[in-house]
Amino acid sequence: MCHSRRGRCGWRRLQVTTAADSVLVRGRHAALSRRWLQVFAAAMFINTSYGTLSYAFSVLVTDSGPGGDFGAGTVSLGFGLALLVSGVTAISRGRWRTS
Numbered sequence: 003m004c005h006s007r008r009g010r011c012g013w014r015r016l017q018v019t020t021a022a023d024s025v026l027v028r029g030r031h032a033a034l035s036r037r038w039l040q041v042f043a044a045a046m047f048i049n050t051s052y053g054t055l056s057y058a059f060s061v062l063v064t065d066s067g068p069g070g071d072f073g074a075g076t077v078s079l080g081f082g083l084a085l086l087v088s089g090v091t092a093i094s095r096g097r098w099r100t101s
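Residue numbers (the working numbering): 3 to 101.
Honestly, the hints are just simulated from the structure, not real lab data. All values reported here derive from a predicted model rather than from experimental measurement. Worth double-checking, as some hints may not be accurate.
Beta-carbon label-pair distances, calculated as ranges [unchecked claim]:
#, residue 1, residue 2, range
1, W38, G67, 16 to 26 Å
2, W98, Q40, 17 to 27 Å
3, S60, S94, 26 to 36 Å
4, R36, S78, 36 to 46 Å
A virtual CB, placed ideally from N, CA and C, is assigned to each residue, including glycine.
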């Protein structure tokens, strides 16, 4: 029995769902959680990759590493260009993916 002036009971109203609706909701939830798992895995992979790359750069720029043969400026320029290309590529691929 509803005692509201508008004739709507709000939280007292029962929502009737079928088994098919329940399966669709569970399937949508599973797909959503799977997508977030993929996003999390990609984020961890990218963070690990950039961390390793940054650590490797500090080794490469030394005199005993390739920085001694090519010069620290040349190795730094290569590293900077690699990061620039990576950033521009990520932006363009992200825009392409969402369109």
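Hint check:
Restraint check, W38 to G67: a C-beta distance of roughly 40 Å breaks the suggested window 16 to 26 Å. Taking the beta carbon of each, W98 and Q40 are about 18 Å apart, inside 17 to 27 Å as hinted. The hinted window of 26 to 36 Å between S60 and S94 holds, with their beta carbons roughly 29 Å apart. Separated by about 41 Å at the C-beta atoms, R36 and S78 satisfy the suggested range of 36 to 46 Å.
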